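**Student:** The lines below spell out each chain.
2 protein chains.
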Amino acid sequence: MQQYFIKQKLENPITITDKETLKHMFAVMRLSTDDEVVLVFEDGIKRLARVMDSERHEFELVKDLDENAELPVEVTIAMGFPKGDKLDLVAQKGTELGMANLWAYPADWSVVKWDKKKLTKRQEKLEKIVQGAAEQSKRNHLPSVQFFATKDNFMQEFAQFDLILVAYEESAKTGEHSVFANALQQLEANSKVLLIFGPEGGISPDEIEAYQKAGGLLVGLGPRILRTETAPLYALSAISYALELNR
Amino acid sequence: MQQYFIKQKLENPITITDKETLKHMFAVMRLSTDDEVVLVFEDGIKRLARVMDSERHEFELVKDLDENAELPVEVTIAMGFPKGDKLDLVAQKGTELGMANLWAYPADWSVVKWDKKKLTKRQEKLEKIVQGAAEQSKRNHLPSVQFFATKDNFMQEFAQFDLILVAYEESAKTGEHSVFANALQQLEANSKVLLIFGPEGGISPDEIEAYQKAGGLLVGLGPRILRTETAPLYALSAISYALELNR
Chain X
1 MQQYFIKQKL
11 ENPITITDKE
21 TLKHMFAVMR
31 LSTDDEVVLV
41 FEDGIKRLAR
51 VMDSERHEFE
61 LVKDLDENAE
71 LPVEVTIAMG
81 FPKGDKLDLV
91 AQKGTELGMA
101 NLWAYPADWS
111 VVKWDKKKLT
121 KRQEKLEKIV
131 QGAAEQSKRN
141 HLPSVQFFAT
151 KDNFMQEFAQ
161 FDLILVAYEE
171 SAKTGEHSVF
181 ANALQQLEAN
191 SKVLLIFGPE
201 GGISPDEIEA
211 YQKAGGLLVG
221 LGPRILRTET
231 APLYALSAIS
241 YALELNR
Chain S
1 MQQYFIKQKL
11 ENPITITDKE
21 TLKHMFAVMR
31 LSTDDEVVLV
41 FEDGIKRLAR
51 VMDSERHEFE
61 LVKDLDENAE
71 LPVEVTIAMG
81 FPKGDKLDLV
91 AQKGTELGMA
101 NLWAYPADWS
111 VVKWDKKKLT
121 KRQEKLEKIV
131 QGAAEQSKRN
141 HLPSVQFFAT
151 KDNFMQEFAQ
161 FDLILVAYEE
171 SAKTGEHSVF
181 ANALQQLEAN
191 SKVLLIFGPE
201 GGISPDEIEA
211 YQKAGGLLVG
221 LGPRILRTET
231 APLYALSAIS
241 YALELNR
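If you read the sequences in order, they're chains X and S.
Sequential numbering of the first sequence, starting at 1, is according to full-length UniProt numbering.
Sequential numbering of the second sequence, starting at 1, is according to full-length UniProt numbering.
Calculated from the structure, these hints are not laboratory results.
Treat each hint with caution, since some may be false.
Identical chains blur together in the list; that is why a pair holds if it fits in one copy or across any two.
As the list claims (entries may be wrong) - Result set (PhoX-like, lysine-lysine): computed pairs, CA atoms no more than 25 Å apart in a straight line: (1) Lys213 <-> Lys118; (2) Lys83 <-> Lys138; (3) Lys63 <-> Lys121; (4) Lys9 <-> Lys117; (5) Lys83 <-> Lys128; (6) Lys86 <-> Lys128; (7) Lys23 <-> Lys113; (8) Lys125 <-> Lys86; (9) Lys7 <-> Lys151; (10) Lys138 <-> Lys86; (11) Lys7 <-> Lys213; (12) Lys63 <-> Lys192; (13) Lys117 <-> Lys138.
Because the structure is a prediction, the values reported are computed rather than measured.
Generate coordinates for the entire structure from the input sequences, incorporating the hints supplied.
**Tutor:** This is the structure:
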């Protein structure tokens, strides 16, 4: 059944006001009276809803659904600004794979420089991609998207996390293969995890030192060299496998 | 160091003849005498090679390198023909994530119909994508790409596999979450594994029945609905995590 994220205050019945959502509901899906959809408000509970009045965009919330599609831990993916539209892929696939937040920061070896105007535009585009992917993959929460203007701003957020992992190609090359698995096995439910990925050129020695000082663990993600946009998809899949399937 | 797959007979010294490879070596990378690269022949051994003569494209094979980036099991990804360029993404990311073979078959619910001419063109394009990804991710073996004209042709290949897993959304929906993990834990090294994915519309009941009769196990890949091109990336990442990192 079609699912929509609703950013309005929860009330029953509810009149939907977001234009994009209305367009999809009544122009694309052609909903009419008594059709049912799933509405998800900010509390993350999926609710079965019935169209009461398709002209006035009014829905009755029929009942709560006991469906949880969220990872048992809250994973924030932080990417050094990559080139091209790689963040688009991470936004879509990362959302399908359960990430809670997508962050991007200007890494030492980021080639692209984005000014404020460009950042705002990029963020809006990514938020749309995330919303589409979250509705299709039936998430309970809409991942947030955030760009940091400086690396200091980014690192000021580190204190809120229970675990910080830094994907480091050199760790993979030297055959390190247990830090990631050990860290996952010790995670408690609802932990906040930050996963840091470099841009195409990798993570600089200064950054590695700073991340380690801030408590970050360097992890390898297997023996193959993964592109910057592939590594977060690997990590999210591994987290799902470790915490959702292999328990 | 730059790596190239060489489809010629192994000899030392060797004169490289493939035009695309030569273009990358001498036009893009501008190799000159005494520069070093890694050459990988069909035996999967990486060899350090030195340019002896850049005019005649002659290399000396200096020594074998003890580097293995292959998954401990041989994984074949079989996709029901999907729409658009989704196979391109699976070819590139699947190669980075260690797949051995990429197969595509006409599924009951495949929307696209590809004639023979189109199939040949698609296959050539995918082989190029795979080669680029295999060189960048430092694989020892070049994944093969194969299209099947009929589902019967596809299913005739099932006998060669030690394990056949069918990614089935309905399994995920009912909360099944241990078949995949149990199957991976029982895998022996060098096993041949077939992973079957449906097209966008999913796998038909007839197909499910036929695959199960042929020994296939239905597996869920977590509680989120994954797009057809995302599911194989999840499965490959999980296999790497289970067999390479969490051991």
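**Student:** For every hint, state whether the structure bears it out.
**Tutor:** Results of checking the hints against the structure:
1. Lys213 <-> Lys118: Answer is neither: 32 Å inside a copy and 55 Å across each miss the 25 Å cutoff.
2. Lys83 <-> Lys138: between (29 Å within a copy, 22 Å between copies)
3. Lys63 <-> Lys121: neither (37 Å within a copy, 51 Å between copies)
4. Lys9 <-> Lys117: neither (30 Å within a copy, 55 Å between copies)
5. Lys83 <-> Lys128: both (19 Å within a copy, 22 Å between copies)
6. Lys86 <-> Lys128: Both. Shortest intra-copy (15 Å) and inter-copy (20 Å) distances satisfy the 25 Å Cα cut-off.
7. Lys23 <-> Lys113: Neither: 35 Å inside a copy, 31 Å across copies.
8. Lys125 <-> Lys86: both (13 Å within a copy, 21 Å between copies)
9. Lys7 <-> Lys151: Close neither inside one copy (30 Å) nor across copies (45 Å); limit 25 Å.
10. Lys138 <-> Lys86: both (23 Å within a copy, 21 Å between copies)
11. Lys7 <-> Lys213: Neither. Shortest intra-copy (38 Å) and inter-copy (47 Å) distances fail the 25 Å Cα cut-off.
12. Lys63 <-> Lys192: So Lys63 and Lys192 fail the 25 Å test inside a copy (30 Å) and across (47 Å) alike.
13. Lys117 <-> Lys138: neither (32 Å within a copy, 38 Å between copies)
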